[in-house]
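Engineer: Take these sequences, add in the hints, and give me the full structure.
Chains as they are written, first to last, in full-length UniProt numbering: chain A, 1 to 575; chain B, 1 to 137; chain C, 1 to 395.
Errors might be hidden in some of the hints.
[Unchecked claim] Only some residues are given here: those of chain A computed to face chain B with a beta carbon under 10 Å:
| hint | residue |
| --- | --- |
| 1 | D50 |
| 2 | D54 |
| 3 | I252 |
| 4 | G253 |
| 5 | I256 |
| 6 | G372 |
| 7 | T415 |
| 8 | T419 |
| 9 | G440 |
| 10 | P467 |
| 11 | R495 |
| 12 | L536 |
| 13 | G539 |
[Stated by the list, open to error] Beyond 10 Å from chain B on every Cβ pair, some chain A residues (computed):
| hint | residue |
| --- | --- |
| 14 | H90 |
| 15 | P92 |
| 16 | D122 |
| 17 | L149 |
| 18 | S154 |
| 19 | E164 |
| 20 | W242 |
| 21 | G247 |
| 22 | F248 |
| 23 | G382 |
| 24 | F417 |
| 25 | H441 |
| 26 | P443 |
| 27 | A517 |
| 28 | M530 |
[As the list claims (entries may be wrong)] Computed footprint of chain A on chain B; a stretch qualifies when at least three of its residues, placed anywhere within it, have a C-beta under 8 Å from a C-beta of chain A:
| hint | segment |
| --- | --- |
| 29 | 10–23 |
| 30 | 74–87 |
Rather than coming from a laboratory, the hints here were simulated on the basis of the structure.
A quick note: this is a predicted structure, and the numbers were derived from the prediction, not measured.
Heads up, the beta-carbon is just placed ideally off N, CA and C, and yes, glycines get one too.
Residues per chain are reported as follows:
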Amino acid sequence: MSSDKEVVGCARRVPRLVIRTSGTPKTPRDGDVHVGSIWNDAPCPVLVVDADGDVIGSNEGARRLFAHAEEVGEGLTAGGLPHWLARAHHRPHPAAAPQEAVSGTVAGRTFAAHPSRIENGDVVWWLVEDTDLRRAEQELRHERERAALLADVSGALLSSLNLERCAEVTARMAADHLADAAVVVAPAQGRRHALTYAQGGGGITRTVASIDPRTVPGLAEALQGFPPVPARWIDPDDIPDWSVPPGFAGPIGSVIVTPLPGHGVPAGVLILLRASTHRAFTDGEEVFARLFAARAGAALSAARLYAEQASITTTLLRELLPPRLERVHGVEYAGVYRTSQDHERVGGDFYDVHPGADASRETFVVLGDVAGKGLEAAVLTGKIRSVLHALLPLSGDHQQVLVLLNDALMNSHHTRFATLVLASVRRSAGQVLLRLTSAGHLPPLIVRADGRVEEAATGGTLVGALPDVRTRSVDVVLAPGETCLLYTDGITEARGGPLGDDFYGEERLREALRECARMPAEAVVERVQMLAAQWLGGGRHDDMATLAITNPAGGVDGFAVADDREGREPCRREP
Amino acid sequence: MNSPTPVEFSVDVQSGDTRSLHLAIRGELEYDTGTAFTERVNAVLDTHLRRHGPALRHLHLDWEGLTAIDCGGLSVLIGLRRRTHAAGIALHLHRQPARLTRLLDVTGVGGYLTEATDTDGRGLSAGGDGGRSAPSP
Amino acid sequence: MPAGTVMTSTVKASTVKTGTVKTGTVTTGTVNAAKGTADTAAPPTPSDLAERLWTAVIGRDEPAAMALATAAADAGADGETLLLDVVAAVQRRVGHEWAANRIGVAEEHAATAIIDRVVTVLAHRPTPPPSRTRGNVTVACVDGEWHSLPARLLAETLTGRGWRVDFLGAHTPTPHLIAHVHQSNPAAALLSASLPTHLPTAHQAVTAVQSLGIPVMVGGAAFGTDGRYARLLGADAWAPDARGAADRLARGITARHAERRHEIDDLPHLADQEYTFVKSNRTTLVRRCLAALDERGPDTRAYSAAQRERTAEDLAHIVDFLATALYVDEADLFTSFIGWTRDILTARNVPAAGLRLGLDILTEQLRDFPRALGFIRVAIDTLPTAPAHSGPGTA
Chain A
1 MSSDKEVVGC ARRVPRLVIR TSGTPKTPRD GDVHVGSIWN DAPCPVLVVD
51 ADGDVIGSNE GARRLFAHAE EVGEGLTAGG LPHWLARAHH RPHPAAAPQE
101 AVSGTVAGRT FAAHPSRIEN GDVVWWLVED TDLRRAEQEL RHERERAALL
151 ADVSGALLSS LNLERCAEVT ARMAADHLAD AAVVVAPAQG RRHALTYAQG
201 GGGITRTVAS IDPRTVPGLA EALQGFPPVP ARWIDPDDIP DWSVPPGFAG
251 PIGSVIVTPL PGHGVPAGVL ILLRASTHRA FTDGEEVFAR LFAARAGAAL
301 SAARLYAEQA SITTTLLREL LPPRLERVHG VEYAGVYRTS QDHERVGGDF
351 YDVHPGADAS RETFVVLGDV AGKGLEAAVL TGKIRSVLHA LLPLSGDHQQ
401 VLVLLNDALM NSHHTRFATL VLASVRRSAG QVLLRLTSAG HLPPLIVRAD
451 GRVEEAATGG TLVGALPDVR TRSVDVVLAP GETCLLYTDG ITEARGGPLG
501 DDFYGEERLR EALRECARMP AEAVVERVQM LAAQWLGGGR HDDMATLAIT
551 NPAGGVDGFA VADDREGREP CRREP
Chain B
1 MNSPTPVEFS VDVQSGDTRS LHLAIRGELE YDTGTAFTER VNAVLDTHLR
51 RHGPALRHLH LDWEGLTAID CGGLSVLIGL RRRTHAAGIA LHLHRQPARL
101 TRLLDVTGVG GYLTEATDTD GRGLSAGGDG GRSAPSP
Chain C
1 MPAGTVMTST VKASTVKTGT VKTGTVTTGT VNAAKGTADT AAPPTPSDLA
51 ERLWTAVIGR DEPAAMALAT AAADAGADGE TLLLDVVAAV QRRVGHEWAA
101 NRIGVAEEHA ATAIIDRVVT VLAHRPTPPP SRTRGNVTVA CVDGEWHSLP
151 ARLLAETLTG RGWRVDFLGA HTPTPHLIAH VHQSNPAAAL LSASLPTHLP
201 TAHQAVTAVQ SLGIPVMVGG AAFGTDGRYA RLLGADAWAP DARGAADRLA
251 RGITARHAER RHEIDDLPHL ADQEYTFVKS NRTTLVRRCL AALDERGPDT
301 RAYSAAQRER TAEDLAHIVD FLATALYVDE ADLFTSFIGW TRDILTARNV
351 PAAGLRLGLD ILTEQLRDFP RALGFIRVAI DTLPTAPAHS GPGTA
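Structural biologist: Here you go:
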């Protein structure tokens, strides 16, 4: 280490002085007389110590130093040496080898004591002061520790966009490195504040409480986030119970309230509690605390923004996500939707199942695709789904529904259109009766119980871009074990395969469906989606939606209607 | 059927006179290239209008070089039909690949795109090879 | 533990005579105090139940499967036992039967769908509250992984043990996983993968979640029977099965310090670019191998388009597994895939020698790639010599 080299540099100078004293008398007592001027001239305190450890000579600097040591009550050995120096003096060592310098403090100053041995066995100790050097070294070490700590803090804080986690990390790191305990007070949600408590080396506690910020001096201002207010020391006797971590046993000597500056958003306040009554931070600590608060505040406000965005998006998406489908009036429905971009959860495909009021009424099913991708397309699907929902009373007449939808979507400024399939489904004894209408969409495929696959003979014009709507509906009957599959062209246009650039295509889809006779609806859609996804490999793709309407092979039983909009939302299961 | 290397999208004027224009489309006409298609064809139509006045009656589109088309491509075709039809220009599609034929059939748009115009009732017989050709294999 | 032990010890005794059911609290693995007092016929063991459930499932008799599961649960069978010793056992058997060519793909999918329904029915039964509530965890299959049942069974097991579980389902894209973890701040993320070819994707997901300071446990057949690939990819924990995962989670998992860690640190051998080459030239390799097969014998040229496509798919699979073996730098991974393929082909009366020919051709394509060549040669040595006229597998 470089600091050691500095000390050695001092030591190198000292022996030169010793060499000049090669003509010193045999005994120190004589030396006191004959070479005393050399000691007195030495730029540092000098002691001459005999083999028993008794000081037998000293210069002016040493006398002043030890007088001061006695004043401040430092204990010396009987021989008049500081204990650390006495230990070094008595340490056995080969007579020929140069003895090493040792370090210690005298009267609050630190010295490196360099020995030089005189022929009679006495030792001259040259006390070279390195207090400033030590202080600088210590400061440097602290500075390095703080820099490393700040890097750790930044890493830990910036790695998460979760508000709760950021608050935990802030509290824990503050308790470990800035104080004995810490509390992060989050900005109010209504009248309540989330409080995160941490104790040095201890656990984290979180609670949400209704607190009055005015009960802690400076807290209300700091929570405003603006104007920037400096950290404030406050009287520990004045603080309310909530500001002390639960179970904090130690005495509270001092308390500081530090604002956590956010990006224009108040990020919260950090309350630090110290057991000691020593109030002031050192300059270094002050700077460090400010840097810590700035990093924590930035991370907390980024997490808050993310949480708000995510919450808004979730709310908006809820209506756009495909519904989760189950069995309705003895008919199975299953849908799977995969968006074109993996980081999006909505796109241009959609489907809905509107259960009939009772088993005698038709269930209205729609699957469609609007030209385009991502959120923009999703907004249009939302509009179409709303219009169709409003038209439910007319849903028996597919042509009329499509004419009205076309009128609602027609726009002279753009040609954005949708293609869709409508299905009206009703169970009659063992059979499921379907009326299918394609409005410019790929015709549904019917999987028969014996494995034949038929294309439903329906066709028509797309909606939203042409002045007129022409459609041809078809009636289809599903026997037990048979499925009607509605799908979007993302499936057949999936491009890949073992040779890399083939479309999955309608023929492969039909081939796959031949194996899906007598399968449950879920298995059919899962299988089709899986085959298309595997065909793609990692390639880019359009939205892919599949919806199966199945007359269950195993017969009918009473399953509840499920029409919750969970879609790809994670399925949260509470114990 | 599919080239492993994608062809750059392009629209080129093959031939033309005052009453008709022949354009060749190459590459993928998709969501991403739709705007380029519209801009290019509009520029061609604008140039023709400046040179010859509103004399154009037939716009022939040759699809032999088309490698892919999706709903976005269809959308810009409908947009083109709106502009040309209003100007009395009939669209004619030639040598379209099976995929385009299938797309036009499924969406019910084929007849709409090539519908005869009011100003020239003889549109279909007057120009080109009589509308759609047989799909290429 | 012999089959049946758990079931016997956890089924609550029912007294049929009076029609009432005693509802004593029962803990997994401990002997029920009421056991000795049961005065009815012995309740079915898990293996009995599994046998009956298998019959219902393979007969596509969904109502019977549901009724069976419901009745067992009504009779007081432990939920975890039903899920892990009955349902999971039936699902494993479905896989074995498919591999042995005793059932087809359609049966396999239909069976899986019914089993999934059985899990749903079991999961939604009112259960006594667990003895303690714990934090929340996220369970997901890595992107591309469609076998969701193992993860689903884990999710239900953890729910039963008091965790709040967010189950993200099959093939969860990593960006969805990350967005979810940001929002929910789980105690851990548990990722499942069955096919080894998903290991590179799993690695990416593990690293991404860890970079958020969230510990990751992985499980599933992809990580090896001893979890060796879990360690290789730097997961914080691994478990061989759902019970093991629940126990491990209960002990607590600590995230490793992830700030300055990069994926490449785990796999220095990737520096030779062999994985990158094989991965990005998959299509070219398959095309060249097909062309070479055409030259070697009349078989492939006479194939129908569908047969050619099957052959191409088989070759693509071989290339995928080779790439994965290069990723984890383990010849074993490739050899065991080839062994598995050989068994699958044999079960379908396809001569495995064709597989050897396919590998021979692949070595010619990869002459400049010593690591890949080494792996393929080890695998070839496990196969019989190829007769000249045989084509590759067309399973």
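Engineer: Each hint: holds or not?
Structural biologist: Here's how the hints hold up against the structure:
{"no.": "1", "hint": "D50", "result": "95 Å, violated"}
{"no.": "2", "hint": "D54", "result": "95 Å, violated"}
{"no.": "3", "hint": "I252", "result": "64 Å, violated"}
{"no.": "4", "hint": "G253", "result": "67 Å, violated"}
{"no.": "5", "hint": "I256", "result": "57 Å, violated"}
{"no.": "6", "hint": "G372", "result": "7 Å, holds"}
{"no.": "7", "hint": "T415", "result": "4 Å, holds"}
{"no.": "8", "hint": "T419", "result": "6 Å, holds"}
{"no.": "9", "hint": "G440", "result": "4 Å, holds"}
{"no.": "10", "hint": "P467", "result": "9 Å, holds"}
{"no.": "11", "hint": "R495", "result": "8 Å, holds"}
{"no.": "12", "hint": "L536", "result": "15 Å, violated"}
{"no.": "13", "hint": "G539", "result": "13 Å, violated"}
{"no.": "14", "hint": "H90", "result": "87 Å, holds"}
{"no.": "15", "hint": "P92", "result": "85 Å, holds"}
{"no.": "16", "hint": "D122", "result": "93 Å, holds"}
{"no.": "17", "hint": "L149", "result": "49 Å, holds"}
{"no.": "18", "hint": "S154", "result": "39 Å, holds"}
{"no.": "19", "hint": "E164", "result": "40 Å, holds"}
{"no.": "20", "hint": "W242", "result": "56 Å, holds"}
{"no.": "21", "hint": "G247", "result": "60 Å, holds"}
{"no.": "22", "hint": "F248", "result": "61 Å, holds"}
{"no.": "23", "hint": "G382", "result": "18 Å, holds"}
{"no.": "24", "hint": "F417", "result": "6 Å, violated"}
{"no.": "25", "hint": "H441", "result": "7 Å, violated"}
{"no.": "26", "hint": "P443", "result": "8 Å, violated"}
{"no.": "27", "hint": "A517", "result": "25 Å, holds"}
{"no.": "28", "hint": "M530", "result": "23 Å, holds"}
{"no.": "29", "hint": "10–23", "result": "violated (count 0)"}
{"no.": "30", "hint": "74–87", "result": "holds (count 6)"}
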